[in-house]
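Undergrad: Start from the sequences, fold in the hints, and give me the full structure.
Chain order of the listed sequences is A and P.
Per the working numbering, the very first residue in the first sequence carries number 1; after that it's consecutive.
Per the working numbering, the very first residue in the second sequence carries number 1; after that it's consecutive.
Calculated from the structure, these hints are not laboratory results.
All residues carry an ideal CB built from backbone N, CA and C; glycine is no exception.
Mixed in with the good hints there might be a few duds.
[To be verified] Derived CB-CB ranges, DEER-like:
1) A:R176 with P:G327: 21 to 29 Å
2) P:A477 with A:A480: 40 to 48 Å
3) A:S58 with P:G327: 26 to 34 Å
4) P:G454 with A:E50: 58 to 66 Å
5) A:K317 with P:G221: 17 to 25 Å
6) A:K317 with P:P216: 30 to 38 Å
7) P:G221 with A:K251: 49 to 57 Å
8) A:A480 with P:Q452: 31 to 39 Å
9) P:Q452 with A:D318: 27 to 35 Å
2 protein chains.
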Amino acid sequence: MPQYTAPTKDLQFLLHDFLKVSESDIPGYSELDEGFTGAVLEEAGKLASEVLTPLNASGDREGCRFEKGVVYTPKGFKDAFEQMKEGGWPGLDLPEEYGGQNMPYLVNTAVGEMFSAANQSFTMYQGLTHGAASAILAHGTDAQKDKWLPKMVSCEWTGTMNLTEPHCGTDLGLLRTKAEPQEDGSYKITGQKIFISAGEHDMADNIVHLVLAKIPGGPDGVKGISLFIVPKFLVDDEGTIGARNGVACGKIEEKMGIHGNATCVMNYDGATGYLLGTEHKGMRAMFTMMNEARLGVGMQGLAQAAAAYENAVVYAKDRLQGRDVTGVKNPDGPADPLIVHPDIRRNLMDQKSFVEGGRAFLMWGAKLIDEAHRKQDAEADGMISLLTPVIKGFLTDQGFDMAVQAQQVYGGHGYIEEWGMSQFARDARITQIYEGANGVQALDLVGRKLAQDGGKHVMAFFEMVKTFLKENEGNEALKADFLDPLKAASKDLQAAGMFFMQHGMKNPNAALSGSYDFMHMFGHVCLGLMWARMAKVAQEALDNGPSDAGFYETKLATGRYYMARRLPATGMHLARINSGAATVMDLDAEAF
Amino acid sequence: MPQYTAPTKDLQFLLHDFLKVSESDIPGYSELDEGFTGAVLEEAGKLASEVLTPLNASGDREGCRFEKGVVYTPKGFKDAFEQMKEGGWPGLDLPEEYGGQNMPYLVNTAVGEMFSAANQSFTMYQGLTHGAASAILAHGTDAQKDKWLPKMVSCEWTGTMNLTEPHCGTDLGLLRTKAEPQEDGSYKITGQKIFISAGEHDMADNIVHLVLAKIPGGPDGVKGISLFIVPKFLVDDEGTIGARNGVACGKIEEKMGIHGNATCVMNYDGATGYLLGTEHKGMRAMFTMMNEARLGVGMQGLAQAAAAYENAVVYAKDRLQGRDVTGVKNPDGPADPLIVHPDIRRNLMDQKSFVEGGRAFLMWGAKLIDEAHRKQDAEADGMISLLTPVIKGFLTDQGFDMAVQAQQVYGGHGYIEEWGMSQFARDARITQIYEGANGVQALDLVGRKLAQDGGKHVMAFFEMVKTFLKENEGNEALKADFLDPLKAASKDLQAAGMFFMQHGMKNPNAALSGSYDFMHMFGHVCLGLMWARMAKVAQEALDNGPSDAGFYETKLATGRYYMARRLPATGMHLARINSGAATVMDLDAEAF
Numbered sequence: 001m002p003q004y005t006a007p008t009k010d011l012q013f014l015l016h017d018f019l020k021v022s023e024s025d026i027p028g029y030s031e032l033d034e035g036f037t038g039a040v041l042e043e044a045g046k047l048a049s050e051v052l053t054p055l056n057a058s059g060d061r062e063g064c065r066f067e068k069g070v071v072y073t074p075k076g077f078k079d080a081f082e083q084m085k086e087g088g089w090p091g092l093d094l095p096e097e098y099g100g101q102n103m104p105y106l107v108n109t110a111v112g113e114m115f116s117a118a119n120q121s122f123t124m125y126q127g128l129t130h131g132a133a134s135a136i137l138a139h140g141t142d143a144q145k146d147k148w149l150p151k152m153v154s155c156e157w158t159g160t161m162n163l164t165e166p167h168c169g170t171d172l173g174l175l176r177t178k179a180e181p182q183e184d185g186s187y188k189i190t191g192q193k194i195f196i197s198a199g200e201h202d203m204a205d206n207i208v209h210l211v212l213a214k215i216p217g218g219p220d221g222v223k224g225i226s227l228f229i230v231p232k233f234l235v236d237d238e239g240t241i242g243a244r245n246g247v248a249c250g251k252i253e254e255k256m257g258i259h260g261n262a263t264c265v266m267n268y269d270g271a272t273g274y275l276l277g278t279e280h281k282g283m284r285a286m287f288t289m290m291n292e293a294r295l296g297v298g299m300q301g302l303a304q305a306a307a308a309y310e311n312a313v314v315y316a317k318d319r320l321q322g323r324d325v326t327g328v329k330n331p332d333g334p335a336d337p338l339i340v341h342p343d344i345r346r347n348l349m350d351q352k353s354f355v356e357g358g359r360a361f362l363m364w365g366a367k368l369i370d371e372a373h374r375k376q377d378a379e380a381d382g383m384i385s386l387l388t389p390v391i392k393g394f395l396t397d398q399g400f401d402m403a404v405q406a407q408q409v410y411g412g413h414g415y416i417e418e419w420g421m422s423q424f425a426r427d428a429r430i431t432q433i434y435e436g437a438n439g440v441q442a443l444d445l446v447g448r449k450l451a452q453d454g455g456k457h458v459m460a461f462f463e464m465v466k467t468f469l470k471e472n473e474g475n476e477a478l479k480a481d482f483l484d485p486l487k488a489a490s491k492d493l494q495a496a497g498m499f500f501m502q503h504g505m506k507n508p509n510a511a512l513s514g515s516y517d518f519m520h521m522f523g524h525v526c527l528g529l530m531w532a533r534m535a536k537v538a539q540e541a542l543d544n545g546p547s548d549a550g551f552y553e554t555k556l557a558t559g560r561y562y563m564a565r566r567l568p569a570t571g572m573h574l575a576r577i578n579s580g581a582a583t584v585m586d587l588d589a590e591a592f
Numbered sequence: 001m002p003q004y005t006a007p008t009k010d011l012q013f014l015l016h017d018f019l020k021v022s023e024s025d026i027p028g029y030s031e032l033d034e035g036f037t038g039a040v041l042e043e044a045g046k047l048a049s050e051v052l053t054p055l056n057a058s059g060d061r062e063g064c065r066f067e068k069g070v071v072y073t074p075k076g077f078k079d080a081f082e083q084m085k086e087g088g089w090p091g092l093d094l095p096e097e098y099g100g101q102n103m104p105y106l107v108n109t110a111v112g113e114m115f116s117a118a119n120q121s122f123t124m125y126q127g128l129t130h131g132a133a134s135a136i137l138a139h140g141t142d143a144q145k146d147k148w149l150p151k152m153v154s155c156e157w158t159g160t161m162n163l164t165e166p167h168c169g170t171d172l173g174l175l176r177t178k179a180e181p182q183e184d185g186s187y188k189i190t191g192q193k194i195f196i197s198a199g200e201h202d203m204a205d206n207i208v209h210l211v212l213a214k215i216p217g218g219p220d221g222v223k224g225i226s227l228f229i230v231p232k233f234l235v236d237d238e239g240t241i242g243a244r245n246g247v248a249c250g251k252i253e254e255k256m257g258i259h260g261n262a263t264c265v266m267n268y269d270g271a272t273g274y275l276l277g278t279e280h281k282g283m284r285a286m287f288t289m290m291n292e293a294r295l296g297v298g299m300q301g302l303a304q305a306a307a308a309y310e311n312a313v314v315y316a317k318d319r320l321q322g323r324d325v326t327g328v329k330n331p332d333g334p335a336d337p338l339i340v341h342p343d344i345r346r347n348l349m350d351q352k353s354f355v356e357g358g359r360a361f362l363m364w365g366a367k368l369i370d371e372a373h374r375k376q377d378a379e380a381d382g383m384i385s386l387l388t389p390v391i392k393g394f395l396t397d398q399g400f401d402m403a404v405q406a407q408q409v410y411g412g413h414g415y416i417e418e419w420g421m422s423q424f425a426r427d428a429r430i431t432q433i434y435e436g437a438n439g440v441q442a443l444d445l446v447g448r449k450l451a452q453d454g455g456k457h458v459m460a461f462f463e464m465v466k467t468f469l470k471e472n473e474g475n476e477a478l479k480a481d482f483l484d485p486l487k488a489a490s491k492d493l494q495a496a497g498m499f500f501m502q503h504g505m506k507n508p509n510a511a512l513s514g515s516y517d518f519m520h521m522f523g524h525v526c527l528g529l530m531w532a533r534m535a536k537v538a539q540e541a542l543d544n545g546p547s548d549a550g551f552y553e554t555k556l557a558t559g560r561y562y563m564a565r566r567l568p569a570t571g572m573h574l575a576r577i578n579s580g581a582a583t584v585m586d587l588d589a590e591a592f
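TA: Structure below.
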């Protein structure tokens, strides 16, 4: 059965050495001294390893059960959910006035990686509640906030997001669920929603659905969509739960993974709903939470890779098979451990350098969100808006690939469910799909974010890389291993952007055909930048002769691997992009 | 539910335009005229689409059931197996004297792709029987052949291969199953074997296990391994089934995929076994079938990609979502089909260009096997020996990736088991693992095959590419799109080989750290060569103004995509290889 050890040391390094949180002027950051974050991470790690991990494989095996409209979560989930609530984790970064702890989003992200790594299916119940609560917080009236938030912040009631319908996923302009205005100001919601994670379950007294629907007579397409609060049980003004509302789960889906989370078909049959935000502005309301939600999914992809990597290492050290070609390493045993073999190393180093680089990227992204929200920093807001599709698309694609590579270390045992490695890959797979499939992320990046505010944010990104390179120009220890590769990769990325500018105006397909490659290039350059920065920090730390020198030396060695072995992917992506749209668009649809 | 259409037209193109089988002097090839192969492929395709495909998803859902030592295959498998036997398909390329049809391996491969694509789990029952029969054919005494082969060629009795034990997979030198000689010349086999595909099931009267075991007192390690025939039921000299032998299935495994095939723990408890081939030469006996077995697994990887691709295209044409940015394509509908979107095209073209290029590679490999076996052509034998790890490793890695990409086209529906796209990915996943995990293929390629016979075969490969380029030097229509990219990729591959030669002697890890990248580079160059050749053939065909010009034009366009968008991967792999072993091997095991 897989194990999980929280990456507390690595997160502390990122918070204090890398992001230097206590030196930051972001409101709430000054409290984040090492002792404080250490204590938070320690506690969260304990919950993740001791409570959530043991339920991961059993939850996968057992799955959710649907019986007469009721969804039963796997054995142990309910108790674990109580412990999660008692620890106050669901409201970690939510406002104190509604029962939260008002911590930075950054801390929530660090803790969230642990919970997701330990048990993605379980953690989604509170993750979706967090998303729904954020929407109410951003767009609700005071009365709505007072009514719904306290119970949602504590996870006494959970939340969901209802977007997809059978005939429409990405293209929400097509949606058919309708919301008919009633005399009392409420609406009657009618329609069917699918793929609703945590749409029904047995761990909360009430479920607060946020539902996209169209008010008859409104504009066509996405401009006529509004957002509604539709509770499972109606709640009176005193907060007392009343009658069942006209919404029910019709079935739950059999899926490739995340079996512990109920993916529901939700049927709305004249259910009472309350408008959240402005009429016809539902898409805007949804999108204000998108950066957080998508960063959260990027985090899930990374988390599965992290958990899978840990277990791949355990097996690679334990399993005796073959001999080191350069000389026997385990003379007393019948064979050497797998980890002596170069190709196993290559595999593990791919994983390790991705996990640690991706974690830095994610934490940087979370800090940008805090800067945007807590300091109203427009530049940070623009930067995270640019990076969000990269975080979501790149970290989940690579996260899945790395979970698959981790599974490969186990050979045949990786394919057997008993060992748990298959589950990491199966659970990671959904992160590439939900919250906007990765092709849509690439479209968002190239079709929208690159040109946003006149291209200001992408220019700021390149400027940041340039400044870093300039500042460290004389650093001979970093030059060949870190600075030169970063420079080359960043040049590739700029060349791709240039290609889009030159050809995209005349033929949008020239840019869109290269969007997926661009997203991956961008991800590699971001991780290259993270590694170069971490290398600098590690180098500085080593100059002070720290007691944990090994940690920093390993950090440098891992970064060197990424720069030498992973970053050259940018050249391939550039070559593809430069080949243009012709070969992609040439065939008639009938020729496929 | 997924559909399957056999690629008859494409296979006919490969057999007749590309490989020009009837012009070949390989014994048995002259009979392969278009009418004959067309009829065979047509019949096989019908069985695949109409009988095997409908059982694929249901077999996955139902799985095999283990009850009191008995394994029950999913509903419908037994009937389908009878139809398969009645058609004579299991013995297609096996000798007539044992009831086979003695057709070339090439035809068996073409047909095998269809069966595997339609239902991999099901087709494994006969595939393993074929492997075991081939071993008996190559190493058995006449009496053994007469006793076992007729029933195995017809699949009245099925076969298995027993290599892995709980503590040893790749490193078979560690195996513990023992074979004690008896006075009557037989052996008593005792030990436990795991991951035995089709080890027990309800579709055959007897199961003939081929088992690797050690005769006490023999040499240590792989040099002391012998191969035994161990039937489930003993068989007397008249061929009558007698008493149950001392072998039983202890349990079947829960797996990520191939649920319709029973993966068994087999317990041998003093079971009667008969030596196959020479004492202590069991590994050699196993390895003589390795080229075929590994090519067969490469075929499975390709087959899953082919089936997944077909269904991705269906969905991409059917699902309406969003609008073509260059102008509405489906004005009467609420949205345009997915296939108008450049990134969906990119995804589908990746798949299509891999499937058709990979199919050509596979068929070329099968022809080499026929040349080696039917003509005793040593050069063909050397070439297929070199290419086998590439066919296995590259086609299964890419086959899995492409099945995952096909799943992605379906968005959320791809993750739901109901749509069947998850199964293609889950079933394809095993092909990267069994019959030698792909890391072991890379090791075989770089550590053994490159230097085999003084490097003769790899030099012959490069010579072949060079000759092709030379012969077509003046072909301006092929130059930029096909010849130049092939030349560049081949140069990258040679540079990598050069790097290994220069550094590998001093430090084997310098070569082994790059083995996986080399395997993928090699695969890309092979597909590049296949595409360049197919382009030439297509061009020539178009010069004759054929009635099916569209087929050849599509072939050219698909090839152009591969050369422009897939082949540039060689540059990335070369950069990784050239970075050497340092970053791969740098860390102490404890630092992971």
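Undergrad: Next step is simple, just say for each hint if it's right about the structure.
TA: Here is what the structure says about each hint:
Evaluation of the 21 to 29 Å hint for A:R176 and P:G327 yields a pass: the beta carbon distance comes to about 26 Å. The hinted range of 40 to 48 Å is satisfied by P:A477 and A:A480, whose Cβ atoms lie roughly 44 Å apart. The beta-carbon spacing between A:S58 and P:G327, approximately 53 Å, falls outside the hinted interval of 26 to 34 Å. At about 59 Å, the beta-carbon gap between P:G454 and A:E50 stays in the expected band of 58 to 66 Å.
Between A:K317 and P:G221 the beta carbon distance is about 23 Å. The supplied range of 17 to 25 Å therefore holds. The beta-carbon spacing between A:K317 and P:P216, approximately 32 Å, falls within the hinted interval of 30 to 38 Å. Checking the proposed 49 to 57 Å range against P:G221 and A:K251 shows it holds: the Cβ atoms sit about 56 Å from each other. Distance hint for A:A480 and P:Q452: a CB-CB separation of about 36 Å, consistent with the stated range 31 to 39 Å.
Distance hint check for P:Q452 and A:D318: the Cβ-Cβ separation is about 33 Å, which falls inside the suggested range of 27 to 35 Å.
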